[in-house]
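Participant: Please construct the entire structure, taking both the sequences and the accompanying hints into account.
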Amino acid sequence: MSAQSYQLSDYLEKLPGTTFRKLYQQPSTAFAIFRRMLPPLAKIFVQGLLYMPAPLLLSQLDIWVKPEGKMSRDRALVILRSLHIINITPPGKDKPQEIHLTTNFKNSLRLALEGGGAHHSFGVPSTLAIDPTIDIAFLDRYARKKWEDILHYVVNSVGGEGSSGGSGAGPKASVKDLLLAGRLVERRGDTKTGIAITQAGFTFLLQEANAQVWTLLLLWLEAVDRSSANNSGLDSIDMLSFLFMLASLELGRAYDTSALTESRRNMLPSLVDFGLIYIPRDTRQYFPTRLATTLTSSASALRSVSSGFAAATADASADVTSIGATESPAKGSVIVETNYRLYAYTSSPLQIAVLALFATLTMRFPGMVTGRLTRDSIRRAISYGITADQIISYLAAHAHEQMARAAAAAGRPVLPPTVVDQIRLWQLENERMRTTAGFLFKDFDSVEEYVALSSYAEEIGVLEWKSDKKGLFFVSKYEQIRDYLKSRKSAK
Amino acid sequence: MPRAIRGVLIECEPAIKSIIVHLNSEHNDIIIEDLDESHLVVKENMVHLLKQKLEDRLKETYRPEEPLVDSE
Chain Z
1 MSAQSYQLSD
11 YLEKLPGTTF
21 RKLYQQPSTA
31 FAIFRRMLPP
41 LAKIFVQGLL
51 YMPAPLLLSQ
61 LDIWVKPEGK
71 MSRDRALVIL
81 RSLHIINITP
91 PGKDKPQEIH
101 LTTNFKNSLR
111 LALEGGGAHH
121 SFGVPSTLAI
131 DPTIDIAFLD
141 RYARKKWEDI
151 LHYVVNSVGG
161 EGSSGGSGAG
171 PKASVKDLLL
181 AGRLVERRGD
191 TKTGIAITQA
201 GFTFLLQEAN
211 AQVWTLLLLW
221 LEAVDRSSAN
231 NSGLDSIDML
241 SFLFMLASLE
251 LGRAYDTSAL
261 TESRRNMLPS
271 LVDFGLIYIP
281 RDTRQYFPTR
291 LATTLTSSAS
301 ALRSVSSGFA
311 AATADASADV
321 TSIGATESPA
331 KGSVIVETNY
341 RLYAYTSSPL
351 QIAVLALFAT
361 LTMRFPGMVT
371 GRLTRDSIRR
381 AISYGITADQ
391 IISYLAAHAH
401 EQMARAAAAA
411 GRPVLPPTVV
421 DQIRLWQLEN
431 ERMRTTAGFL
441 FKDFDSVEEY
451 VALSSYAEEI
461 GVLEWKSDKK
471 GLFFVSKYEQ
481 IRDYLKSRKS
491 AK
Chain D
1 MPRAIRGVLI
11 ECEPAIKSII
21 VHLNSEHNDI
31 IIEDLDESHL
41 VVKENMVHLL
51 KQKLEDRLKE
61 TYRPEEPLVD
71 SE
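Residue numbers (UniProt numbering), protein chains in the order written: chain Z, 1 to 492; chain D, 1 to 72.
Worth flagging that the hints you see were computed from the coordinates, not collected in a lab. Heads up, a few of these hints could be off.
To be verified - Output of the computed footprint for chain D on chain Z, the stretches with three or more beta carbons under 8 Å from beta carbons of chain D: (1) 176-187; (2) 442-451; (3) 465-479.
Nothing here was measured: the structure is a model prediction, and the numbers come from that model. C-beta: ideal position from N, C-alpha, C; glycine also.
Facilitator: What follows is the structure, encoded as structure tokens:
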């Protein structure tokens, strides 16, 4: 599938080392990267190296890892290197390879763990009086409304009957421009609203809320990067570290805007548009919302993938940390019958639009729609980049309580197995081929070179296909292989 | 020095592969490397077109279902 989901790790991977050095000057950034971006083994390495006074021999690191863990060791090192957290000296004839943490990262992470320093990296709480009506429930409602407006805007661009979106004016023009620039939606004359959702937009809709927020923020950073020539006064590196800082703030507390640099204050209006922060009128305070404070935690962010759509039907997932949890208790609304008929007790334009993505809706009543899952409707959904599993989990998560009750009584799964199987079969039918973009390596100087490179590619997890007989292999990424090839050449 | 060529790896059934090979034979502008009976590397910019052509080709063999009537 070519469906792209733009993620933080992809963005960071493309940044040069100098950018990382600047980013790691902030303890909150170093801490956020450590917390969010590293697999467990990489965290252990960092913790082990953090207070080591001198560089460690690479061969010593191997003692920490069981022989069968070599693959995860290599992957951890690759990640640490791509994030410029560690440095490994190049292999030389007389000197063994050494590993150490990069200076800025080491100092900042130590500061973050030990406290101290006047870096204001974790925000400055406001000393002014706080309006008592601004509590966590208020902030959750506010963030949710803002984010939903954005989702409504994307969904409604499908051109369903739910024309108004039901929640006011929708997102700000700047947000709309971002969605357009990020090709989550595109301008098209043949729809009522003048815009239409793209395949990337569908993938966006089905992402977890946390991933959605990052997708949008990264689009914003890129937009700033592009326009930095005509100086907008914003610097994407500083913006990124501000986002990491926001992520370290505490929900429900007020922070002081005057402690921020001017360029960061200039970011505030956009962050308000996204719903990441709330600024009361005429104060020098800002409140981070749950959208901001969960940016770098791996804990369930706001709403699960499926409940994101159902927010308007007050379908809160059982997850207490979700924004929806402040609303009425969980209540599904969709009934699926064994004959592929589908009934949904909802009047939410958002949910109806989502159902219309993969079902053929036939009738609409006040508070209810009926439709049918057909081969064509599923096929269409798959061509948008939605997977069968996403559809199935959506239906399961939104099953009407009547279905859950009947299923529990009879000891059957909630969704009719025939329907689930058929959706999967329809998907298989459409997946005639699996495509992976990458690089084909060929014309090796020797068999030995081929073996060394292909096994290295396998170790770092980028190998997609190989043929020992033909001496060819295909990888999804080639930068590390190029580096490895260079270091092999220079070692000789 | 080995060469790295940018492309898209396609994994598919042999039957589908033979269709792709056939499509390629018209202008010879799709396939970069024929790997084995179920794998090929094709040019990145041709993937979209290829999917479309494949879809057209397969439509010839696909019979649409009878539309079901919601009568009740």
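Participant: Against each hint, give a clear statement of whether it holds in the structure.
Facilitator: Now for the hints, and whether the structure bears them out:
1. With 0 residues bearing a CB less than 8 Å from a CB of chain D, the stretch 176-187 of chain Z misses the requirement of three and the coverage assertion fails.
2. Beta-carbon proximity to chain D at under 8 Å applies to 6 residues in the stretch 442-451 of chain Z; the threshold of 3 is reached and the given coverage holds.
3. Counting residues of the stretch 465-479 of chain Z whose CB lies closer than 8 Å to any CB of chain D gives 6, which reaches the minimum of 3, so the coverage claim holds.
In this structure, only the earlier hint numbered 1 is contradicted, and the remaining ones agree with it.
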